[in-house]
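Asks: So you can see what is in the structure, the chains are spelled out below.
2 protein chains.
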Amino acid sequence: MPQIAFCFLNTNAIVLDNDRLKLAFIRTINSKVRMIFIQVAPPQMSNVVTMMCGACSNENAMKHMFISYQRKIRGNDTDYTETEMKTSITNLPPGCPELSILSFYESFHGRTLGALSVTHSKAIHKLDFPAFDWPIAHFPKYKYPLNENMCENDKEDDRCLAEVEELIEKYRKKGKPVAGIIVEPIQAEGGDNEASPIFFQKLQLIAKQNSASLLIDEVQTGCGVTGKMWCHEYFNLPTPPDLVTFSKKMQVGGYYHTAEMKPSLSYRIFNTWMGDPGKLLILEEVLNVMQQEKLIENVNKVGKKLMNELFHLQYEFPSVINSVRGRGTFLAFNAADSKMRQKLILKLQELGINIGVCGERSIRLRPALTFQERQASMFLDALRGAITLVLA
Amino acid sequence: MPQIAFCFLNTNAIVLDNDRLKLAFIRTINSKVRMIFIQVAPPQMSNVVTMMCGACSNENAMKHMFISYQRKIRGNDTDYTETEMKTSITNLPPGCPELSILSFYESFHGRTLGALSVTHSKAIHKLDFPAFDWPIAHFPKYKYPLNENMCENDKEDDRCLAEVEELIEKYRKKGKPVAGIIVEPIQAEGGDNEASPIFFQKLQLIAKQNSASLLIDEVQTGCGVTGKMWCHEYFNLPTPPDLVTFSKKMQVGGYYHTAEMKPSLSYRIFNTWMGDPGKLLILEEVLNVMQQEKLIENVNKVGKKLMNELFHLQYEFPSVINSVRGRGTFLAFNAADSKMRQKLILKLQELGINIGVCGERSIRLRPALTFQERQASMFLDALRGAITLVLA
Numbered sequence: 001m002p003q004i005a006f007c008f009l010n011t012n013a014i015v016l017d018n019d020r021l022k023l024a025f026i027r028t029i030n031s032k033v034r035m036i037f038i039q040v041a042p043p044q045m046s047n048v049v050t051m052m053c054g055a056c057s058n059e060n061a062m063k064h065m066f067i068s069y070q071r072k073i074r075g076n077d078t079d080y081t082e083t084e085m086k087t088s089i090t091n092l093p094p095g096c097p098e099l100s101i102l103s104f105y106e107s108f109h110g111r112t113l114g115a116l117s118v119t120h121s122k123a124i125h126k127l128d129f130p131a132f133d134w135p136i137a138h139f140p141k142y143k144y145p146l147n148e149n150m151c152e153n154d155k156e157d158d159r160c161l162a163e164v165e166e167l168i169e170k171y172r173k174k175g176k177p178v179a180g181i182i183v184e185p186i187q188a189e190g191g192d193n194e195a196s197p198i199f200f201q202k203l204q205l206i207a208k209q210n211s212a213s214l215l216i217d218e219v220q221t222g223c224g225v226t227g228k229m230w231c232h233e234y235f236n237l238p239t240p241p242d243l244v245t246f247s248k249k250m251q252v253g254g255y256y257h258t259a260e261m262k263p264s265l266s267y268r269i270f271n272t273w274m275g276d277p278g279k280l281l282i283l284e285e286v287l288n289v290m291q292q293e294k295l296i297e298n299v300n301k302v303g304k305k306l307m308n309e310l311f312h313l314q315y316e317f318p319s320v321i322n323s324v325r326g327r328g329t330f331l332a333f334n335a336a337d338s339k340m341r342q343k344l345i346l347k348l349q350e351l352g353i354n355i356g357v358c359g360e361r362s363i364r365l366r367p368a369l370t371f372q373e374r375q376a377s378m379f380l381d382a383l384r385g386a387i388t389l390v391l392a
Numbered sequence: 001m002p003q004i005a006f007c008f009l010n011t012n013a014i015v016l017d018n019d020r021l022k023l024a025f026i027r028t029i030n031s032k033v034r035m036i037f038i039q040v041a042p043p044q045m046s047n048v049v050t051m052m053c054g055a056c057s058n059e060n061a062m063k064h065m066f067i068s069y070q071r072k073i074r075g076n077d078t079d080y081t082e083t084e085m086k087t088s089i090t091n092l093p094p095g096c097p098e099l100s101i102l103s104f105y106e107s108f109h110g111r112t113l114g115a116l117s118v119t120h121s122k123a124i125h126k127l128d129f130p131a132f133d134w135p136i137a138h139f140p141k142y143k144y145p146l147n148e149n150m151c152e153n154d155k156e157d158d159r160c161l162a163e164v165e166e167l168i169e170k171y172r173k174k175g176k177p178v179a180g181i182i183v184e185p186i187q188a189e190g191g192d193n194e195a196s197p198i199f200f201q202k203l204q205l206i207a208k209q210n211s212a213s214l215l216i217d218e219v220q221t222g223c224g225v226t227g228k229m230w231c232h233e234y235f236n237l238p239t240p241p242d243l244v245t246f247s248k249k250m251q252v253g254g255y256y257h258t259a260e261m262k263p264s265l266s267y268r269i270f271n272t273w274m275g276d277p278g279k280l281l282i283l284e285e286v287l288n289v290m291q292q293e294k295l296i297e298n299v300n301k302v303g304k305k306l307m308n309e310l311f312h313l314q315y316e317f318p319s320v321i322n323s324v325r326g327r328g329t330f331l332a333f334n335a336a337d338s339k340m341r342q343k344l345i346l347k348l349q350e351l352g353i354n355i356g357v358c359g360e361r362s363i364r365l366r367p368a369l370t371f372q373e374r375q376a377s378m379f380l381d382a383l384r385g386a387i388t389l390v391l392a
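Chains as they are written, first to last, in the UniProt record's numbering: chain F, 1 to 392; chain W, 1 to 392.
Any given hint could turn out to be false.
Identical copies carry no separate label here, and so any pair may be met within one copy or between two of them.
As a list, the in silico DSS-like pairs of lysine-lysine whose alpha-carbon atoms are at most 25 Å apart [stated by the list, open to error]:
#	residue 1	residue 2
1	K86	K176
2	K32	K279
3	K122	K262
4	K143	K202
5	K347	K22
6	K122	K141
7	K170	K208
8	K301	K155
9	K122	K72
10	K32	K343
11	K202	K339
The hints are simulated quantities; they were obtained by calculation from the structure and are not laboratory data.
Owing to the predicted nature of the structure, the values given are computational and were not obtained by experimental measurement.
Between the sequences and the hints, there should be enough to build the whole structure, so can you do that?
Replies: Structure below.
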């Protein structure tokens, strides 16, 4: 349609403004944004902010949490004092308060300086860059298979949650209160580390008890790959998380948030592009294809097959692979150690399979939503072949 | 071409990988990036990194400066110690050293947390958000017209440069050495504040003397609008700045840097998209049109006319407007005060002219590169009309 086409032309470099056309364009985009994003919104999250990429989505969602925290303290987010206005310009409190965001070891949330301060997966991302002194808690490390280690894994949840509470207390005393918690539903880059629904339910409760917001980063896990549109839907949270960020498969970055999180003043969260209308058209088509071809059902079907067969392989070859885990086709397993992983990867490559790694000894599956049972079989045959070759 | 088209399809959500196609795509994009960006690169800046937006361009360019600074200190940027690796994960020095970036009051460099720490234009951008304790110097405030206030303005340069040197010393003693300086060629959002070529030459010298890099933020001033492709070309710097960021008119964010700034390890600066191949095609066409229609010449011609007429108006109506300034069509003038500005803006709107503001009492011109003399006349007539109405 012509209004959409306009966005590709209005470069501000070679086209003059035309107010009527602009207004028509804005109306079209606004209704498109609503239509496209709200149809796949997490339950009870009716607000969406579009951004460019995952990092700036997390940066701005964190800003949202700071605004919300200060509003609770101050009673509003409109009556800024003269002192706040003045000190904010020079980076000093009270205008720029010393608030913090609690994050988890082995997390990955992006590589701009704010997002990097809550990222702890690899040294190469962080070396040489100054970072905020913010609290970092341990994320559960489960023993597998889950159904044989329930008691121990429950204790692991409790250990990590106790640390979260201690850190919130510690940073409050330190004068850097925790305004929000940022967490991945499955720590992807950190090694496909998962945590139980109960862990997330309790984490949300701790956040609420401490006036902190909960931001769930679904940049990797979002858009159907775990067998639900959003991975945190598995957690049965009693109320929605305060914010959910997305990017990657969603084509454009951004985040959903609850109505309560909305700042009173406009332009508190703003930038030049606020997303990309061109990508919106691609996303619209991606979501159409996902619905028409029932791709989330497909993910569940193929994921189940992959999971079953991987279980068989880990029981058959416990000296090579273990800790099969994940949801949908967002699956991973561990090699016995990092050397074994390297051997497996090379053998798989010889057999025509390119596969990614995460953490220190994990191998991760990240097929597209269109991945079929036939292709899953090809992969599983190759994996069996690679294991046999490694053991030979 | 089919390889380019592939980038619009490879959403990772619905299309499977195909290695040969992917390789062809990467080769095509790589040569496109080189061809498109290098033809308009600032002199002697042969490296380009593409990003998504202005904020993440500045964030990553700052990271580049931190890497470069630590390399000078350490002697290399490959042999990280065990302690550096370990502490970096927890945001602590020496892995995450307490380095700083020097910025200027009234600057604007973006609204992610790192970019915000070097932004000081408006409280609304910064309130409630924690920021790094980094040094902030005053940017020159000139008296106009320039040719009648040369002596005073020279002193203003020296005053600001002396402050830069003091702050570098102060933050070195504070244990937060300055790794880089970030500056706009014309402080755009802060009020179209300009500084002399000599100011920038001396600033570069101070940076060099202190092992700090110089990052010139051309997000607003880049891409021809000042009458040169890059505004800092007016400054006759003896050597190129270390980094130059761009976005907006360039369609895609990113930065140029000198060969010396290149990190030894790959993936030090990296993210999911590293720019947007789709936007590259639009930029290619924008640059073609700019060349075919000689739009930079046009900017110079129309800019000269605007400047001349604005000078006449300020001499004719000194109680209404003053301090006409700028380069190309990137021009601004001050209203007598902020109330007068409001009146002028409203009268201009009644006369069919929408115009932007910056700083506390400035009115800024930001026409597209295609803005013609005929349209400049329409604007100037309306401005004269608005001034007359305000005085009536």
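Asks: For every hint, state whether the structure bears it out.
Replies: Checked hints:
no., hint, result
1, K86 - K176, "both (20 Å within a copy, 23 Å between copies)"
2, K32 - K279, "both (12 Å within a copy, 21 Å between copies)"
3, K122 - K262, "between (34 Å within a copy, 21 Å between copies)"
4, K143 - K202, "within (20 Å within a copy, 61 Å between copies)"
5, K347 - K22, "between (56 Å within a copy, 22 Å between copies)"
6, K122 - K141, "within (17 Å within a copy, 44 Å between copies)"
7, K170 - K208, "within (17 Å within a copy, 42 Å between copies)"
8, K301 - K155, "neither (32 Å within a copy, 74 Å between copies)"
9, K122 - K72, "between (35 Å within a copy, 23 Å between copies)"
10, K32 - K343, "neither (48 Å within a copy, 37 Å between copies)"
11, K202 - K339, "neither (37 Å within a copy, 54 Å between copies)"
Of the numbered hints given earlier, the model fails hints 8, 10, 11; all others are met.
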